[in-house]
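Protein chains in written order, with the numbering used here: chain A, 91 to 347; chain B, 91 to 347; chain C, 91 to 347.
You may find that some hints are simply not true.
[Said to hold, decoys possible] For lysine-lysine, the following DSS-like pairs were computed, each having C-alpha atoms within a straight-line distance of at most 27 Å: (1) C:Lys315 with C:Lys338; (2) C:Lys315 with A:Lys227; (3) B:Lys302 with C:Lys302; (4) A:Lys315 with B:Lys227; (5) B:Lys315 with B:Lys338; (6) A:Lys315 with A:Lys338; (7) A:Lys302 with B:Lys302; (8) B:Lys227 with B:Lys302; (9) C:Lys227 with C:Lys302; (10) C:Lys227 with B:Lys315; (11) A:Lys302 with A:Lys315; (12) A:Lys302 with C:Lys302; (13) C:Lys315 with C:Lys302; (14) B:Lys315 with B:Lys302; (15) A:Lys302 with A:Lys227.
No wet-lab data here; the hints were simulated from the structure.
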Amino acid sequence: MMFNNHNIRVSPTASIGKNVRIGDDTVIFDNVVIEDNVTIAHNCIIGEPLNEYYSNPDYINPVTVIGTHSLIRSHAVIYAGNILGENVSTGHRVNLRENNTIGHDTVLGTCADIQCDITIGNYCRIYNSVTIAPLTKIGNFVSIYAFVVLTNDPYPPSNDLIGCSILDYTQIAAHSTILPGVIVGKNCLIGAGSVVHNHIPDYSLASGNPAKLIMDIRRFVVLGKGRPYPWMHRFERGMPWENIGYEKWMNSGNNAD
Amino acid sequence: MMFNNHNIRVSPTASIGKNVRIGDDTVIFDNVVIEDNVTIAHNCIIGEPLNEYYSNPDYINPVTVIGTHSLIRSHAVIYAGNILGENVSTGHRVNLRENNTIGHDTVLGTCADIQCDITIGNYCRIYNSVTIAPLTKIGNFVSIYAFVVLTNDPYPPSNDLIGCSILDYTQIAAHSTILPGVIVGKNCLIGAGSVVHNHIPDYSLASGNPAKLIMDIRRFVVLGKGRPYPWMHRFERGMPWENIGYEKWMNSGNNAD
Amino acid sequence: MMFNNHNIRVSPTASIGKNVRIGDDTVIFDNVVIEDNVTIAHNCIIGEPLNEYYSNPDYINPVTVIGTHSLIRSHAVIYAGNILGENVSTGHRVNLRENNTIGHDTVLGTCADIQCDITIGNYCRIYNSVTIAPLTKIGNFVSIYAFVVLTNDPYPPSNDLIGCSILDYTQIAAHSTILPGVIVGKNCLIGAGSVVHNHIPDYSLASGNPAKLIMDIRRFVVLGKGRPYPWMHRFERGMPWENIGYEKWMNSGNNAD
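With the hints as constraints, model all of the structure from the sequences given.
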């Protein structure tokens, strides 16, 4: 009983693909493209107009794309100007401001707040309530856990915003803060509750407030578990190397570098 | 004018008790049991189907129970498979994923994110935006303040998830992070902004990042206030010992141990 | 297509000004005053009744005022008893409990949780998910960044609540926690991820967990940028000194002290 075509409003300029399901009480604004096989749940707003809408009678809504097979859960607000790749899924109440590019097979958690002018790669996991400031760049296979904030203003309030960069395969544990302009390299693990002031080299384990480099993550040992990082050799759920293994996948020409 | 029976959708397989009020724009899915005297406000989703719903045409929604006299505030999303005891109340926009058991007389704050396979006891206070990872166990009379995260993945991403346990009467102050598998004993106070790596014995005051044991909480003195912990002797609002006192209540056979 | 007068419910005792736009699926409760030129987006609840509403048949909703030219974005819940000045704007899903006074030209971010009995001044910027406990007082021109929590209970749970005070021009960076009763002076900068236990004198840069005084903010130098604080001399977007400069504005009799 989720899809009753009840109280749905779709702009005549929106394009709706085949096998699309739209939940009740959802609104699809002008110039939204919903590709085939997308599911949008209850009470979402897709293509929310930008500020200018409220004052400019000639306002034209930027194009918004929801990629094929994506699933947008209830109460999401996705502004105009977002381009979501295929098979993106979101939790409830996500907030995506304008001009973001979200790669394919990426998951955005409940209440994630993705501000504007942000690039997020493929196969990322952005958990609940993560807040990503404008101008951030996130690579592929990155996970960012609950309540992490990626900031962009070095001496607030200012106009000298500089986004963070989080490179491929990196994991940022819950409740961490990444300061403006910081580059966290590939294959890092940032411990929970860290405040990261400085660039972090590839393959680092860093933690603390302020965060300090603890060791090369490849030397990190868990009792009875061996060396868990890089993680791609031991974790494959939802990843493109699922069922074949990371090494075989890489050797098939998928070198992410 | 809150309850107008306007734009409400209730599954024919839902069971609605006596004196139940359902706010406008709310949806009640299959196999939800709303007990007597429950109030559900505007725009809630009760019994949200699990993932399989989207792909399996034979999907059957697990039973969901909202206990008698409970109050669910607006924009809540409660998945199928939650069992809420009597007199539970929630803030707005709470998110309860599947298979949780919430004890009676417990309060869940605005935007609290209770993930799945979680047990929360009776008379708990879970404040706004608290995030509780799967497999967590929370005792009775526990308060967890704003933005606390209880985690479960010791080397993310992994499949070796291990929930935290927070035992009876413990208070976890705002913005703390409890690391996977940590057991916080009974009658503890964890200071604001702590990151807790290790088990915490009963009656501890612990604080900091990383959290350190400060002292036995029974020795903690506040100028002009004496020894505020254990707190049950000085605070009774909403507790079962309200108006009779904790000692008398305990002596009447309510020993929580 | 945002304003279709669709599924809107407005109490007969609400007062709606001229040129007011109300989004679909929005509810305006008893005794709400919407001043002229206000925009309220989709699916908001304005004047949400207090707890007593559920049990007292003679309940009267306190007056709520949304000041002229304000913009309330979608899914906001604003309780009865809030007084918002002119030109306030909010993000999506803000939560304002009862009895707050919000000054003019102030911005409240997405999911900000403003509890009760709070005063916020003019020209403040309260970013996303900021949580402000009851009894807090915030001056003018204050910015509080994502996920900051202002607390009020010195030994939880207690009835001895004491709000924080954040004085004019101060900036509190992301993910900080301000402990109960702390006074942060004028023109301070609190670094990201700080936990502030003690009062902070005017013109301080403080940071860390626990927060320590680093220096007089007026001596803080950024390479190639000089001395960025006090910030009013270099930042004017949205401020009353926009286009004229802070000094000229102050000399015109606007001394905020």
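Each hint, compared with the structure:
no.: 1; hint: C:Lys315 with C:Lys338; in the structure: holds, 22 Å
no.: 2; hint: C:Lys315 with A:Lys227; in the structure: holds, 25 Å
no.: 3; hint: B:Lys302 with C:Lys302; in the structure: holds, 18 Å
no.: 4; hint: A:Lys315 with B:Lys227; in the structure: holds, 25 Å
no.: 5; hint: B:Lys315 with B:Lys338; in the structure: holds, 22 Å
no.: 6; hint: A:Lys315 with A:Lys338; in the structure: holds, 22 Å
no.: 7; hint: A:Lys302 with B:Lys302; in the structure: holds, 18 Å
no.: 8; hint: B:Lys227 with B:Lys302; in the structure: holds, 22 Å
no.: 9; hint: C:Lys227 with C:Lys302; in the structure: holds, 22 Å
no.: 10; hint: C:Lys227 with B:Lys315; in the structure: holds, 25 Å
no.: 11; hint: A:Lys302 with A:Lys315; in the structure: holds, 24 Å
no.: 12; hint: A:Lys302 with C:Lys302; in the structure: holds, 18 Å
no.: 13; hint: C:Lys315 with C:Lys302; in the structure: holds, 24 Å
no.: 14; hint: B:Lys315 with B:Lys302; in the structure: holds, 24 Å
no.: 15; hint: A:Lys302 with A:Lys227; in the structure: holds, 22 Å
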